[in-house]
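Asker: Guided by the hints, dock chain B onto chain A, whose structure is given.
There are 2 protein chains.
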Amino acid sequence: MKVYLNGAIMDEGEALIPASDRGVLFGDGIFETVRAYSGKPFRMDRHLERLHAGCRDLRLSGVPPEKEIGNAIGELYRLNVVSGDAYVRITLTGGLFDGNRSLQRSNPPNVYIMVKPFEGYPHEWYERGMRVVVSGVRTNEGSPLSRIKSNNYLDNLMAKQEAKDRGADDAVMLNSSGFLTEGSSSNLFLVRRGKVATPGVECGLLPGVTREAVMELCEEYGVTCETEFLTLDDLLQADEAFFSVSTGEIVPIAEVEGSPIGFRCPGPITIRLSAAYRALVKKELFL
Amino acid sequence: MKVYLNGAIMDEGEALIPASDRGVLFGDGIFETVRAYSGKPFRMDRHLERLHAGCRDLRLSGVPPEKEIGNAIGELYRLNVVSGDAYVRITLTGGLFDGNRSLQRSNPPNVYIMVKPFEGYPHEWYERGMRVVVSGVRTNEGSPLSRIKSNNYLDNLMAKQEAKDRGADDAVMLNSSGFLTEGSSSNLFLVRRGKVATPGVECGLLPGVTREAVMELCEEYGVTCETEFLTLDDLLQADEAFFSVSTGEIVPIAEVEGSPIGFRCPGPITIRLSAAYRALVKKELFL
Numbered sequence: 001m002k003v004y005l006n007g008a009i010m011d012e013g014e015a016l017i018p019a020s021d022r023g024v025l026f027g028d029g030i031f032e033t034v035r036a037y038s039g040k041p042f043r044m045d046r047h048l049e050r051l052h053a054g055c056r057d058l059r060l061s062g063v064p065p066e067k068e069i070g071n072a073i074g075e076l077y078r079l080n081v082v083s084g085d086a087y088v089r090i091t092l093t094g095g096l097f098d099g100n101r102s103l104q105r106s107n108p109p110n111v112y113i114m115v116k117p118f119e120g121y122p123h124e125w126y127e128r129g130m131r132v133v134v135s136g137v138r139t140n141e142g143s144p145l146s147r148i149k150s151n152n153y154l155d156n157l158m159a160k161q162e163a164k165d166r167g168a169d170d171a172v173m174l175n176s177s178g179f180l181t182e183g184s185s186s187n188l189f190l191v192r193r194g195k196v197a198t199p200g201v202e203c204g205l206l207p208g209v210t211r212e213a214v215m216e217l218c219e220e221y222g223v224t225c226e227t228e229f230l231t232l233d234d235l236l237q238a239d240e241a242f243f244s245v246s247t248g249e250i251v252p253i254a255e256v257e258g259s260p261i262g263f264r265c266p267g268p269i270t271i272r273l274s275a276a277y278r279a280l281v282k283k284e285l286f287l
Numbered sequence: 001m002k003v004y005l006n007g008a009i010m011d012e013g014e015a016l017i018p019a020s021d022r023g024v025l026f027g028d029g030i031f032e033t034v035r036a037y038s039g040k041p042f043r044m045d046r047h048l049e050r051l052h053a054g055c056r057d058l059r060l061s062g063v064p065p066e067k068e069i070g071n072a073i074g075e076l077y078r079l080n081v082v083s084g085d086a087y088v089r090i091t092l093t094g095g096l097f098d099g100n101r102s103l104q105r106s107n108p109p110n111v112y113i114m115v116k117p118f119e120g121y122p123h124e125w126y127e128r129g130m131r132v133v134v135s136g137v138r139t140n141e142g143s144p145l146s147r148i149k150s151n152n153y154l155d156n157l158m159a160k161q162e163a164k165d166r167g168a169d170d171a172v173m174l175n176s177s178g179f180l181t182e183g184s185s186s187n188l189f190l191v192r193r194g195k196v197a198t199p200g201v202e203c204g205l206l207p208g209v210t211r212e213a214v215m216e217l218c219e220e221y222g223v224t225c226e227t228e229f230l231t232l233d234d235l236l237q238a239d240e241a242f243f244s245v246s247t248g249e250i251v252p253i254a255e256v257e258g259s260p261i262g263f264r265c266p267g268p269i270t271i272r273l274s275a276a277y278r279a280l281v282k283k284e285l286f287l
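Top line first, the protein sequences correspond to chains A and B.
Per the working numbering, the very first residue in the first sequence carries number 1; after that it's consecutive.
Per the working numbering, the very first residue in the second sequence carries number 1; after that it's consecutive.
Everything labelled a hint here was simulated from the structure, so no lab data went into it.
Just so it is clear, the structure is predicted and the values come from calculations on it, not from any experiment.
It is possible that part of the hints are untrue.
Put simply, identical chains are the same to the list, so a pair is met inside one copy or across any two.
[Stated by the list, open to error] List of simulated lysine to aspartate or glutamate pairs, EDC-like, C-alpha gap at most 20 Å:
| id | residue 1 | residue 2 |
| --- | --- | --- |
| 1 | K164 | D57 |
| 2 | K164 | D98 |
| 3 | K2 | D98 |
| 4 | K116 | D98 |
So that you can see chain A by itself, here it is in the shape it has in the complex (with noise of 0.2 Å):
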């Protein structure tokens, strides 16, 4: 496997850095998990968008021209992956750390590009939905990190977990104040009465590029589709439900700690979104 490290291409093993880069010390980094469609990823340039706002907000500098991230997420296509769909992940680490320990950094960042060939998820997932249940771990819509793709992810990864140790394939996390936020990796839609309704960033969650496109979606469709404060209640007694993910598209949600959600999985309007994701992606990328 090759990789991308500051600007050139070399072999995996071989892409290493400081064990005093503020990466490692504090998660101090930022990140971005793109979907590429036969070597396309979609929607680019949003995913960038939102890194160089996260960036802002962490006061982290040296993100590479979009032309050379660009041409590094295609040579490593061409090593690594061939054909086929492709997982890409762009990490941005503080850099070296001069024992400063605020935002204030300085040395350049780390800046690291891995494309692996996209594995998909469970085929299961899709055809009779996932089942999930309630992680104990809140999200702290306090912080503003709840909004930023950064590298402190341990609370998505121990959500995770909980998910597998209780034989669930995925958990949904609540805020402090118990409303509904997100997936372990994902963002939420319930379906209610032919509307469509997600948390609001408010509550202390990642606005990833799939639930802004699915929102997209639903307006062109003629689906009433808002943001709002949503309890478990909400999602237990809604008639579809579902995460949205770069990586995975459109996942339905089967069961939620053991109850049902709705009468059927997938559901009539979680079809018709990830039939319509799928042609906006051929869409956009002239597949």
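Answerer: Chain B alone, transformed into the frame defined by chain A:
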């Protein structure tokens, strides 16, 4: 500067870890900072107990034996510091990422130890007390991470930055329910009518080794010390307030958001506990 990485002593510039380490990608790791007085780490046993407890919670394994850590610190002290006090940081990461986005890991950790001369806090912080603001970043008592010294440390760095931006020395953080928790890298104590109080761990804070020592000293000196739910009003109306931190020991708080705390700073109980803490260090380390 020499450092320890995975069993070997080497130049800091040679201490490299894979960019694909989970510590880089997710902040998946844990650390301890310890002050070594004339080369002798204070309460190393308690720091290691906390490290092991955090590793259990995060399902991390691979902490080296106590003797190996002690030898590494001793050797790095001789090489980097020679005389005087030292700042010690022990870091353990989640190891090479294998694609598993949970707490399941298949590769050994990277274990990294730094020992540097301890620079000390500014004298005026001890003489006139710290000027403190209330951070807009809340700690998250709804996540186990709030009680683990994990490498997901950006919230703390943001709180410190906020203090700098506002011309203050440090920040106190509230939890999501609005209760006092801790400083950006320290624990918080109040003194009211001769009694000492500190927020309880259930508020979402990292219980420090120095915090524990202060509680022991209170007991020894017959001063009541209780863990409580404390509010910002409690702090503003306190007779004295101070931070406890392994490196800086006991640091008085002069004012919060421009309001002076008590009638003079440092107050009498803060002075007494500071002296008692230094005596405790000398006694335990045979200095």
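Asker: Any of the earlier hints contradicted here, and which numbers?
Answerer: Violated hints: none; all satisfied.
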